[in-house]
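Peer 1: Sequence:
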Amino acid sequence: NAGDSAKVALPGGVSDYFYPYEPLMFDNADPQAYFGYKVLGVGYGGSLALFGQKGASYAGTLDETDSGTSWVRLASTLEPTDNTLILDRPVDWAEGDQIVVTTTDYLPGHSEQFTIETVSADKQTITVKESAQYTHNGDLFLLTDTATRKKGYKRLGLDITVAGQPAAETRAAVALLTRSIRIVSAGDDLGEDFPPETQLFPSTEAPGKQHPYYFGGHVMIRQGVEKAQIQGVEFYQLGQGGRMGRYPVHFHFARKTPPDTFVKDSSIHDAMTRWITLHATQDVRLERNVGYKSIGHGFYLEDGTEINNKLYSNIGIFARAAVDNAQNPRQVPGILASPPELTPNSSLQQPDFRQVDLVPYHSDYDHPTVFWIMNGWNDFVGNMAAGAGTCGACYWLVPGANSGNSRQQKWESYAAMQQGLGRAATTPLKSFRGNYCSTAMNAFNTVANTTQC
Numbered sequence: 001n002a003g004d005s006a007k008v009a010l011p012g013g014v015s016d017y018f019y020p021y022e023p024l025m026f027d028n029a030d031p032q033a034y035f036g037y038k039v040l041g042v043g044y045g046g047s048l049a050l051f052g053q054k055g056a057s058y059a060g061t062l063d064e065t066d067s068g069t070s071w072v073r074l075a076s077t078l079e080p081t082d083n084t085l086i087l088d089r090p091v092d093w094a095e096g097d098q099i100v101v102t103t104t105d106y107l108p109g110h111s112e113q114f115t116i117e118t119v120s121a122d123k124q125t126i127t128v129k130e131s132a133q134y135t136h137n138g139d140l141f142l143l144t145d146t147a148t149r150k151k152g153y154k155r156l157g158l159d160i161t162v163a164g165q166p167a168a169e170t171r172a173a174v175a176l177l178t179r180s181i182r183i184v185s186a187g188d189d190l191g192e193d194f195p196p197e198t199q200l201f202p203s204t205e206a207p208g209k210q211h212p213y214y215f216g217g218h219v220m221i222r223q224g225v226e227k228a229q230i231q232g233v234e235f236y237q238l239g240q241g242g243r244m245g246r247y248p249v250h251f252h253f254a255r256k257t258p259p260d261t262f263v264k265d266s267s268i269h270d271a272m273t274r275w276i277t278l279h280a281t282q283d284v285r286l287e288r289n290v291g292y293k294s295i296g297h298g299f300y301l302e303d304g305t306e307i308n309n310k311l312y313s314n315i316g317i318f319a320r321a322a323v324d325n326a327q328n329p330r331q332v333p334g335i336l337a338s339p340p341e342l343t344p345n346s347s348l349q350q351p352d353f354r355q356v357d358l359v360p361y362h363s364d365y366d367h368p369t370v371f372w373i374m375n376g377w378n379d380f381v382g383n384m385a386a387g388a389g390t391c392g393a394c395y396w397l398v399p400g401a402n403s404g405n406s407r408q409q410k411w412e413s414y415a416a417m418q419q420g421l422g423r424a425a426t427t428p429l430k431s432f433r434g435n436y437c438s439t440a441m442n443a444f445n446t447v448a449n450t451t452q453c
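For what it's worth, the working numbering labels the leading residue of the sequence shown as 1, then goes sequentially.
Among these hints, one or two may not hold up.
Pairs of lysine to any residue, SDA-like flavour, derived with a Cα cap of 25 Å [stated by the list, open to error]:
#	residue 1	residue 2
1	K123	R73
2	K227	S57
3	K227	S180
4	K227	A6
5	K227	F262
6	K129	Q113
7	K129	L142
8	K38	N405
9	K7	Q408
10	K129	T118
11	K123	L62
12	K38	T204
13	K310	F18
Hint data in this document are derived by calculation from the structure and do not stem from the laboratory.
Please model the complete structure; the sequences and the hints are all you need to start from.
Peer 2: If you want it as structure tokens, here you go:
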């Protein structure tokens with residue numbers, strides 16, 4: 001209970017100011033208020049260590065831009081009706097595994113999920129049970145064909161190569177969803193499966209109406225943990241639609257984390273909101289993770305105090321908008337949702353933000369972003385964003401100030417730089433290189449507000 005008075009020794013070898021846990025929104029005075037319902041929670045002195053084999057890289061240290069076998073690239077174009085994929089490297093995948101091939105056209109919903117049927121002896125050719133519906137490019141964009149293609153990057157002094165030849169990386173990614181350890185959402189009762197999207201339930205947001213089920217489980221890690229290490233884990237149908245603080249994988253006011261805190265080689269897919277959230281959290285490594293189908297923003301650095309985190313070779317595929325359409329069959333509401341004039345269906349409005357007109361406060365509707373960044377002092381290397389709904393972005397460096405309860409805590413270094421509106425947008429990017437973007441209205445957004453989509 002030290003608060004701002006002095007730093008204290010915390011589990012895991014951390015020295016930091018410690019703040020008593022505050023209840024989460026929505027749960028009032030319930031005993032579960034510090035972690036919520038349907039939760040795998042890790043608190044003071046606790047440890048979480050999960051290590052699965054499939055799609056995970058344990059031998060040696062991979063380069064920051066190496067995605068291992070968590071996700072790879074096509075080595076040949078996949079055409080409509082095809083069911084054979086040629087990959088750019090051997091993989092450790094097997095029959096029955098689920099994969100997703102990213103869109104390479106202008107529609108973010110054209111990424112396709114497949115089930116592996118066979119894997120060749122050399123582990124680089126796989127057949128899938130389903131036929132492709134869309135073209136997925138498997139060729140590099142060569143920069144040696146004409147002088148015109150060279151002018152732009154040569155003028156900037158850039159040396160762009162892929163696999164040792166002058167080229168831009170334009171091949172579809174192939175990402176593994178199946179992992180050795182699975183954490184999946186269930187229904188309300190023990191032993192009950194997560195309800196199908198066709199089953200309707202009474203709405204808590206709009207009394208008298210009904211909507212599909214979107215109250216999934218979530219994983220929350222708070223300040224004072226001894227260890228938090230996750231590798232080779234699949235998170236399926238997690239998150240709680242429209243409820244702030246209930247994300248599939250969530251570091252919540254963990255502040256300075258113990259050395260070697262990480263989430264690696266894991267998949268988060270069909271999420272009810274977000275994929276991985278770092279909230280007032282520092283020194284976490286996110287490496288080679290696969291996010292597929294979020295509602296609203298995907299990889300989420302939340303409130304402006306997140307620094308010294310390392311995001312290496314993660315891929316986010318299809319940050320879906322919180323709108324009532326075919327891409328959101330559960331009608332999941334957003335957290336940063338739209339004002340009522342843009343969402344006539346009141347079940348898709350987040351009450352806390354209905355009257356706020358600034359785009360970031362309804363951006364889950366207008367501008368769902370694959371990588372949302374409130375503080376630039378983090379490392380972004382080798383990541384890929386493929387598909388953002390409505391007028392979304394691949395990367396959004398949000399020019400904001402420290403927000404929420406972080407304003408009542410003591411911070412140091414770049415975490416304190418944006419304290420107060422007069423200091424908004426003052427943190428520089430620590431590093432940002434080798435990142436990719438495709439199929440989004442905006443590649444890299446730095447503005448605080450834009451016109452409504």
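Peer 1: The structure should be examined with respect to each hint, and the outcome stated for every one.
Peer 2: Going through the hints against the structure:
1. K123 with R73: 13 Å, holds
2. K227 with S57: Status holds; Cα separation ~20 Å.
3. K227 with S180: Roughly 21 Å separates the two Cα atoms, so the pair holds.
4. K227 with A6: 23 Å, holds
5. K227 with F262: 9 Å, holds
6. K129 with Q113: 10 Å, holds
7. K129 with L142: 32 Å, violated
8. K38 with N405: 24 Å, holds
9. K7 with Q408: Between K7 and Q408 the Cα gap is close to 16 Å, so the pair holds against 25 Å.
10. K129 with T118: 9 Å, holds
11. K123 with L62: 20 Å, holds
12. K38 with T204: Status holds; Cα separation ~17 Å.
13. K310 with F18: 23 Å, holds
When held up to the earlier numbered hints, the structure conflicts with hint 7 and nothing else.
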